[in-house]
Amino acid sequence: MSVADRDLVLSGLKTRAGSFELGSIDLKVSPDRVLVILGPSGAGKTMLIDTIAGFRKPSAGQVILCERNLTSLPPEARKIGVVFQDAALFPHLSVRENVRFGERARGASSHQRSDDLLNQFGLGALAERAPRSLSGGERQRVALARVLASDPELMLLDEPLSALDQPTREELRSVLQGLLVELKIPAIHVTHDREEALSLGDDVGIVVDGRFRQLGTRREVARSPADEVVARLLGWLELGHGTLERGRVSVGDLTLTNISDDYSGPVYVFYRPEEVLLGDASPEVSATGQFFGVIESVLLTVPLARVTIGSKPSVTVLMLHRDLDRLALRPGVTVAAVIPPGALRLIRATSETE
Amino acid sequence: MIEARAAAGRNSPFGAFQALMWVLGGLLIAFILLPLVRLATTSTPASLTHAAETAEIRDAIQLSLQDAAITAVVATFLGVALAYVLARRRFPGRSLVQAVVDLPLAVPHTVAGIALLFIFGRTGWVGAPASHIGISFYGSQWGIITAMLFVSAPFAVNSSRVAFEAIEPNFERAARSLGATPWHAFRRVTLPLSVRGVLTGAVLVYARSISEFGAVVIIAFYPVTAPVEVYNLFLRTGLTESASAAVLLLAVALATFLVLRALASGWVLSGIDRERR
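Keeping their order, the protein sequence lines are chains A and B. Per our numbering, residue 5 is the first one in the first sequence, and the count goes up by one each step. Per our numbering, residue 5 is the first one in the second sequence, and the count goes up by one each step.
Derived by calculation from the structure, the hints in this document are not laboratory data. Fair warning: there could be bad hints in the mix.
What the hints assert, rightly or not - In silico negatives: residues of chain A with every beta carbon more than 12 Å from chain B:
1) Arg82
2) Gln89
3) Asp162
4) Lys188
5) Ala347
To be verified - Covered by chain A, according to a simulated footprint, are these stretches of chain B (three or more residues, beta-carbon under 8 Å):
6) 141-148
7) 177-190
8) 193-203
Virtual Cβ for every residue (Gly too), placed ideally from N, Cα, C.
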């Protein structure tokens, strides 16, 4: 079977639960791609996973995997591995029995594959333990091994990292990254964490209120959010509303120039807080409009500190702690600031967004 | 201030409120225990031995034990299925079905017996066709089990339903996505995780069945179950004479109930329980 034959294709997929409707969704995930679906709670992400996995009947459309139409097949016939947020390990079975569950369900006589996976995931020493005695990270490793032991043709990951503490999450994220590259099967990972989305996804889809607001490569979505909802989800901050004319837009007292956009009309102006320059404006960006403001607050957050400048409108800057010290930035100090053109995203205010 | 008040609350568990609760609760416990203790102390070992050696009393107790056990098995088998549907499916009329399940708790048991006769009596909808294949519910063990099942079914359904509802739904979804059929997922995941609730339901059905009088006496006066035999003795010989048979029934019913309860919640399931905590 060629790579193209192992695609996941969703066509016109719609699912309904009460008054909430998800879709219609048309998308394709090839075996060498990981699609991360990012959205706030209640956006319909888990509903999409449920529909693809067969736990929920779609009201319209088709789910096609490896050229098989799965739409009317029960979950056990789909060959789709699902990793749940809570790992969903069977509490009455040992780690080993959990990983063997799929082989037993299919009546396989050999457990070589599951035993290999236990070792591969570093679970050999934990094999006879009960799931309740494992840490969150260990549980998700068992869940991953259990899914892989049933040789899935598609992986669905439903926020598997969100219940973990930060260090474990980062460790497991790198395990997942390596695994998804190695697997060569299509994978959909849903999350509400943008960092997770941008580190794991080759492609990123943004779902809000049951609809895809944007779907594209990680870079496209991160750098060119399609609307203000997507921009906010991806960490862009809103400067305000203005009117773009001849490459120039004013928001409050700030005027931003040299904007390479032929459009003229009302726009929402967003900026990347970590790309704002403070202190000594460099000559190549000074033309875009340098402004001065008094520092209102400095929050020593990690990894980047958060500086708020009391300009009109106020501007938040994320910066390295060492630059805070170097520039002696503290509340009450007046600083020069520049928002480079590359750190700006102007979203046209359509009738829908206004 | 708040801490001081909390500390005072912790240090004086026997405040006026606590005392009132203890007194009221104690009254209820005394109300339950006193008649039983008084009953037990009226009998001498000799009178109990005599009662145990009386064939009618022995047969009646044996019949009650046997039929209550059969009822527990039947009620659990059917109740688990209904409990699963109620716990897992949302369908129109679900709360109506749940109300129907609880109905036997509200129906006076003699009324239940009469209602059962309309269906299972010789001319009843089920009784009439059944009599053609030689099964009679009226005055038979079939009738006793039918009456016991009617009054005890809610315990089987409700206990299992609560157990199923307590299971994380993702366990079954995980099992299905790993290739398990609905039956395999039920047998290997749902049932082992809810076995304590299912068995507790079975024990409650057994306890309720062994004590049933009203519905049984109407559908099957004969063969005589233990509660009916105690009632007969009471009518024939009076309070003192019937007390020995009553104590014997009480002892057997309590002993089996306690043993089954211990089995359902104790060492038989200790392995499963350990995993679940």
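Given as covered by chain A, does the stretch 177-190 of chain B meet the bar of three residues or more with CB within less than 8 Å? holds (count 11)
Is the Cβ of Gln89/A more than 12 Å away from each Cβ in chain B? violated, 8 Å
Is the listed coverage of the stretch 193-203 of chain B by chain A valid when you require three or more residues with a beta carbon under 8 Å from a beta carbon of that chain? holds (count 3)
Is the nearest Cβ of chain B still more than 12 Å from the Cβ of Arg82/A? At roughly 8 Å from the nearest Cβ of chain B, Arg82/A sits no farther out than 12 Å, so the non-interface label is violated.
Is it correct that the beta-carbon of Lys188/A has no partner in chain B closer than or equal to 12 Å? Correct as stated: the minimum Cβ-Cβ distance to chain B is 20 Å, above 12 Å.
12 Å Cβ clearance of Ala347/A from chain B: holds, 42 Å
Counting residues of the stretch 141-148 of chain B whose CB is closer than 8 Å to a CB in chain A, do you get three or more? violated (count 0)
Would Asp162/A pass as off the interface with chain B, using Cβ distances and a cut of 12 Å? violated, 9 Å
The earlier numbered hints that this structure contradicts are 1, 2, 3 and 6.
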